[in-house]
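Trainee: As they're listed, the protein sequences go chains A and B. The opening residue of the first sequence carries number 14 in the numbering used here; numbering runs sequentially from there. The opening residue of the second sequence carries number 338 in the numbering used here; numbering runs sequentially from there.
Derived by calculation from the structure, the hints in this document are not laboratory data. There may be inaccurate statements among the hints.
Claimed, not checked - Per the computed footprint, the stretches of chain B lying under chain A, defined by three or more beta-carbons under 8 Å from a beta-carbon of chain A, are:
id, stretch
1, 354-367
2, 373-381
3, 394-403
4, 414-422
As the list claims (entries may be wrong) - Facing chain B, according to a computed beta carbon distance under 7 Å, are these residues of chain A, among others:
id, residue
5, Leu46
6, Ile119
7, Leu151
In this text, a Cβ means the ideal position worked out from N, Cα and C, and glycines have one as well.
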Amino acid sequence: MVLADVIFFVAAIGVLTGAFGTVMLRNPFYSVLALAFHLVCLAALFMLLRAEFVAAAQVIVYAGAVMVLYVFVVSYVGGGEQLPSGGALRVLGPMFAVAVAVELCIALLGSALRGIRGQGAPFIPGFGTPGHIGTLFLTKFLFPFELASILLLVAAIGAVVLARRRRGLEELAPSELRVRAIQPAYTGTLAEAAGVRPRAGEEPPELEIEHVGGAGARVERVGGAGARVEREGGW
Amino acid sequence: MAIGWYLVVSALIFCIGAGGVLARRNPLVILLCLELMLNGANLALVAFARMWGGEAGQVFALIVMVVAACEVTVGLGLIVAMYRRRLPVDVDELSELHG
Numbered sequence: 014m015v016l017a018d019v020i021f022f023v024a025a026i027g028v029l030t031g032a033f034g035t036v037m038l039r040n041p042f043y044s045v046l047a048l049a050f051h052l053v054c055l056a057a058l059f060m061l062l063r064a065e066f067v068a069a070a071q072v073i074v075y076a077g078a079v080m081v082l083y084v085f086v087v088s089y090v091g092g093g094e095q096l097p098s099g100g101a102l103r104v105l106g107p108m109f110a111v112a113v114a115v116e117l118c119i120a121l122l123g124s125a126l127r128g129i130r131g132q133g134a135p136f137i138p139g140f141g142t143p144g145h146i147g148t149l150f151l152t153k154f155l156f157p158f159e160l161a162s163i164l165l166l167v168a169a170i171g172a173v174v175l176a177r178r179r180r181g182l183e184e185l186a187p188s189e190l191r192v193r194a195i196q197p198a199y200t201g202t203l204a205e206a207a208g209v210r211p212r213a214g215e216e217p218p219e220l221e222i223e224h225v226g227g228a229g230a231r232v233e234r235v236g237g238a239g240a241r242v243e244r245e246g247g248w
Numbered sequence: 338m339a340i341g342w343y344l345v346v347s348a349l350i351f352c353i354g355a356g357g358v359l360a361r362r363n364p365l366v367i368l369l370c371l372e373l374m375l376n377g378a379n380l381a382l383v384a385f386a387r388m389w390g391g392e393a394g395q396v397f398a399l400i401v402m403v404v405a406a407c408e409v410t411v412g413l414g415l416i417v418a419m420y421r422r423r424l425p426v427d428v429d430e431l432s433e434l435h436g
């Protein structure tokens, strides 16, 4: 029993550290890594609760597949730039979260319910094993199981439709400029996703600005050394 | 370990996630914080399944994981589409649907 308590505290501290890291870290790439750590620690908690299959699915599906998807998107979009802080929600959001946390802790720890205070139901051998859960999915919970598979299919098709390259998407409004820049060598690498800046001596690329407006399209080139384009918004 | 402590941990995870959803502006990090909230709910479901000795909570947690995977897929597809259209990837700037 003592060993289970030690594992619980270590895993709970890991879970909460990972959660805090996900929220607090400024760089989205590090947030994804913190969430992966959080998920692995959460799988340890699931094991303590005798949910073996849920723990295995957590590690394989969440910490494996979903996190790889996140890492790919962060690398593609380039999460190195950070958003400036601002807005009332930056203060009100954490205050709201702390208020809800205090309230829930009072409700859970101050409750006189015997079920919450207890160690849980007596353990039945085979509870939570893959065989047990699989049998349930194919007998008692067959309808939710099929519904979940249809939902996964719809989500996969929807994501492909959303993210595909569409004809006509690249056309800009008539008054806009089109800027082409030669990308630096590190573009699209994990180093860029992690926010590593190029070396100081490296010149920004030469830009080619194309006026697509109605008053005659023309192309002008801006020299490399002085020109610097900052993306609006950013991360 | 009493089941109540698992519920406390799950409540804390949920609140950390909720604070992150409210405070952060990057849609990618908001998706990550949504994952945190779903995981807090999952931990509570599995803890209740352990408390009652029933397995419906674990099945429910697995279904929640499926729904979370779907949400991530569609959300990341939206972010990639936003990036392709060169929209600012900032939830405060994306207010066209406000009407």
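Trainee: Against each hint, give a clear statement of whether it holds in the structure.
Mentor: Status of the hints after comparison with the structure:
1. Here's how the stretch 354-367 of chain B fares: 12 of its residues keep a CB closer than 8 Å to some CB of chain A, so the rule of at least three is met and the hint holds.
2. Counting residues of the stretch 373-381 of chain B whose C-beta lies closer than 8 Å to any C-beta of chain A gives 4; at least three are required, and the coverage claim holds.
3. Only residues whose beta carbon comes within less than 8 Å of a beta carbon in chain A count, and the stretch 394-403 of chain B has 7; three or more means the coverage holds.
4. By the rule of at least three residues with a Cβ nearer than 8 Å to a Cβ of chain A, the coverage given for the stretch 414-422 of chain B holds, with 8 such residues.
5. Evaluation of the A:Leu46 hint against chain B yields a violated restraint, the C-beta minimum of about 11 Å exceeding 7 Å.
6. Taking 7 Å as the C-beta contact cut-off toward chain B, the hint placing A:Ile119 at the interface is violated, the least distance being around 10 Å.
7. The beta carbon of A:Leu151 comes no nearer than 11 Å to any beta carbon in chain B, farther than 7 Å, and the hint placing it at the interface is violated.
This entry does not satisfy hints 5, 6, 7, going by the numbered hints stated previously.
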